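Work out the full structure, taking the sequences as your base and the hints as a guide.
There are 2 protein chains.
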Amino acid sequence: MTDVNRVWRLRKRPTGMIDNDTLSFDREAVPQPGEGQFLVRVNYLSLDPTNRVWMSDMEQYMPPVALGDAMRGVVCGTVLESRSPAVAAGEIVSGLGVWADYQLGSPATFHKLASPQGVSTAEAFGLFTGAGPTAYFGLLDVGKPRAGETVVVSAAAGAVGSIVGQIARIKECRVVGLAGSDKKCRWLVEELGFDAAIDHKRPDLPLALHRACPDGVDVYFDNVGGEVLDACLQQMNLNGRIPTCGLISQYNATAAVPGPKNYASILVKRLTVQGFIVLDYVPRYPEAIGALSDWMRQGKLKFRVDLREGLENAVSALRMLFTGENTGKLMIHVR
Amino acid sequence: MTDVNRVWRLRKRPTGMIDNDTLSFDREAVPQPGEGQFLVRVNYLSLDPTNRVWMSDMEQYMPPVALGDAMRGVVCGTVLESRSPAVAAGEIVSGLGVWADYQLGSPATFHKLASPQGVSTAEAFGLFTGAGPTAYFGLLDVGKPRAGETVVVSAAAGAVGSIVGQIARIKECRVVGLAGSDKKCRWLVEELGFDAAIDHKRPDLPLALHRACPDGVDVYFDNVGGEVLDACLQQMNLNGRIPTCGLISQYNATAAVPGPKNYASILVKRLTVQGFIVLDYVPRYPEAIGALSDWMRQGKLKFRVDLREGLENAVSALRMLFTGENTGKLMIHVR
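Chains as they are written, first to last, in this note's numbering: chain A, 1 to 335; chain B, 1 to 335.
Derived by calculation from the structure, the hints in this document are not laboratory data.
Just so we're clear, the structure is a prediction, and the values are computed from it rather than from any experiment.
Among the clues, some could well be false.
To be verified - Only pairs whose alpha carbons sit at most 25 Å apart, straight line, appear in this in silico SDA-like list of lysine to any residue:
#  : chain 1 : residue 1 : chain 2 : residue 2
1  : A       : Lys261    : B       : Pro63
2  : B       : Lys144    : A       : Leu238
3  : A       : Lys261    : B       : Met62
4  : A       : Lys269    : B       : Pro283
5  : A       : Lys269    : B       : Thr109
6  : B       : Lys269    : A       : Ala66
7  : B       : Lys269    : A       : Glu227
8  : B       : Lys269    : A       : Thr272
9  : A       : Lys144    : B       : Asp141
10 : B       : Lys269    : A       : Asp141
11 : A       : Lys261    : B       : Thr15
12 : B       : Lys261    : A       : Pro63
13 : B       : Lys269    : A       : Ala255
14 : B       : Lys261    : A       : Tyr61
15 : A       : Lys269    : B       : Ala66
16 : A       : Lys261    : B       : Gly226
17 : B       : Lys261    : A       : Pro283
18 : A       : Lys269    : B       : Lys261
19 : A       : Lys261    : B       : Ser249
20 : B       : Lys269    : A       : Pro64
21 : A       : Lys269    : B       : Arg13
22 : A       : Lys261    : B       : Ser56
23 : B       : Lys269    : A       : Gln37
24 : B       : Lys269    : A       : Glu123
And the structure:
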């Protein structure tokens, strides 16, 4: 290999929004696979709210990225050279890697990515690697919606939220999405079949939510925390469930974040609030991928990839998750 | 009946701590039972944190007491006259009644109270009517402790907390109690067999908790909320459980109460926070009462009744729950 490997490295812990000094974009040599490893040329880099968490030293579910290390990310690529019996050159793999053109993989962190008929590699990568199983297990295993119940999901126009809402519709629930613009709300209702969608920036959010959920809320799938969580706590029904998938509203916080002021609703309404991480469900991924593939094939599930060009744009693209500029699964087309 | 009935009536919604104008102590006629009713002469009045909630118009799990109405409370008494086939004169009953010497009961709200051998009426009333089943179902059904795990309980010297800790010991857990004085802490360790107890007023509570729970906390049985909850959230283990039984730290609040600032731990550690109300478990009371009776008989469970004399002292006694002056199950000996 004579090519250059471009690598994003973490240079400092960000305060608030990621700025241009948070990471450096370095030119390095392409690594050589050792015994049991393989070399991956990255095609797609997934951008996720958790990337921001990994950059920080806030309490988190795996060690933060060390200063100076290549930035951690979920990637999809082509195996160029393999010294592992698990994969062969030319195969498409995805896994937990780094923000770089090339990287070494091993069977511990990468696995083959299969694309069912009619599903592109980018779609299969975005849907099956993270967002799909997150939505599937978080909604069905943690949220346990029953037909006829009302499900509310925040960040509904995002990768996970858009799938959560559609699965809830498939399960015959009333589905209300919370998203950050009228355009996104229209997309949720007109394209994805949500029963209603509300701009979460409305100052009268609790009232709007109350009107959109005349029978109250049985499941609130929380991707954001903060004021949206407080508004939902007000509308929860007795024995409601709140799968807690993300708290994106506070990932850029520069000071201690206040907890939900309606916390007492958990007691009064006998709610169950349960945090989950999709990594705990890896052994059951085939179940989720099977169901998601079936729904895609039957036309019941739409998945939108929001593809941005160029590894050099990874940082500016990641910021979009926090400003709400993306719709659907945000990823970088690397090559 | 020529006797006078003394009745506590709610006169205004309290702000902060209950004061002497919150209720009036009136002298009224003894009521006459109608068809299907019976007349109860009260022996014991249970004082519970939820009494304070019922006086307020904060969001709660049943309607608040209306202004002018007799104050709602759990009572135990003797049937003086019955026009119901369900009970006979002379029988001991307990149920959801009012703060008064005499009151009318019906099978919908009162049931017979049985005292197993060696258990006094006051003990049976305090243990079987509320505190015992609350501790039993909250810990075992909601908290799901496994042998060898660490269980922390707040308000540990209170009626529910003291039973929670002892049941957790019976289930072979390490048990750490949080209570409001050194004297209470000594009682928990020396008399009830807790592994450790900590004064929750210590300024270094998180550190003290960390030291008392070297393997982290698997179950935090929350009776109080507030800063104690935040300290526990810091020490929780992955997949920990937080049965939420009460939030006494905020019942006297005069302004909006901030939520737990460590709320994000729910996500990061995949915690389950679940509110519950013992009333949801009424059909399963016999199971709890059977187990609690057995443990009492075997000497594995101690139950302390903190009995105060005189219905006229109900308000001043109730305040003790909030100042931490009681130890064990607080109740009024009415007659």
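Status of each hint after checking the structure:
Straight-line distance between C-alpha atoms of Lys261 of chain A and Pro63 of chain B comes to about 21 Å, which keeps the hinted pair within the 25 Å bound. A hinted pair counts as satisfied when its Cα atoms are at most 25 Å apart, and Lys144 of chain B with Leu238 of chain A qualifies at roughly 21 Å. Taking the CA atoms of Lys261 of chain A and Met62 of chain B, the gap is near 21 Å; set against the 25 Å cutoff, the hint holds. Between the alpha carbons of Lys269 of chain A and Pro283 of chain B the distance comes to roughly 19 Å, so the proposed pair stays at or under 25 Å and holds.
Distance restraint check for Lys269 of chain A and Thr109 of chain B: the Cα-Cα separation of roughly 22 Å lies within the 25 Å cut-off, and the hinted pair is therefore satisfied. With a C-alpha separation of about 21 Å, the suggested pairing of Lys269 of chain B with Ala66 of chain A holds against the 25 Å cut-off. In summary, the hint linking Lys269 of chain B to Glu227 of chain A is supported, as the alpha carbons are separated by about 22 Å, within the 25 Å threshold. A hinted pair counts as satisfied when its Cα atoms are at most 25 Å apart, and Lys269 of chain B with Thr272 of chain A qualifies at roughly 15 Å.
Proposed proximity of Lys144 of chain A and Asp141 of chain B is supported: the alpha carbons are some 18 Å apart, at most 25 Å. Between Lys269 of chain B and Asp141 of chain A the alpha-carbon distance is near 17 Å, which keeps this suggested pair within the 25 Å criterion. This hinted pair checks out: Lys261 of chain A and Thr15 of chain B have alpha carbons roughly 19 Å apart, not beyond 25 Å. Of the pairs offered as hints, the one joining Lys261 of chain B and Pro63 of chain A holds, with about 21 Å between alpha carbons and a cut-off of 25 Å not exceeded.
Annotation: proposed proximity of Lys269 of chain B to Ala255 of chain A holds, straight-line Cα distance about 21 Å (limit 25 Å). Proximity of Lys261 of chain B to Tyr61 of chain A is assessed by CA-CA distance (about 18 Å); at most 25 Å being required, the pair is judged to hold. Distance hint between Lys269 of chain A and Ala66 of chain B is fulfilled; the C-alpha atoms sit about 21 Å from each other, no more than 25 Å. With a C-alpha separation of about 11 Å, the suggested pairing of Lys261 of chain A with Gly226 of chain B holds against the 25 Å cut-off.
Among the hinted pairs, Lys261 of chain B with Pro283 of chain A is inconsistent with the structure: their alpha-carbon atoms are about 33 Å apart, more than 25 Å. Taking the CA atoms of Lys269 of chain A and Lys261 of chain B, the gap is near 21 Å; set against the 25 Å cutoff, the hint holds. The straight-line distance between the Cα atoms of Lys261 of chain A and Ser249 of chain B is roughly 14 Å, inside the 25 Å bound, and the hint therefore holds. Taking the CA atoms of Lys269 of chain B and Pro64 of chain A, the gap is near 15 Å; set against the 25 Å cutoff, the hint holds.
The suggested pairing of Lys269 of chain A with Arg13 of chain B holds, with an alpha-carbon distance near 22 Å, which does not exceed 25 Å. This hinted pair checks out: Lys261 of chain A and Ser56 of chain B have alpha carbons roughly 18 Å apart, not beyond 25 Å. A distance of roughly 32 Å separates the Cα atoms of Lys269 of chain B and Gln37 of chain A; the hinted pair therefore is violated under the 25 Å criterion. A distance of roughly 30 Å separates the Cα atoms of Lys269 of chain B and Glu123 of chain A; the hinted pair therefore is violated under the 25 Å criterion.
Checked against the numbered hints listed earlier, the structure breaks hints 17, 23, 24; every other hint is satisfied.
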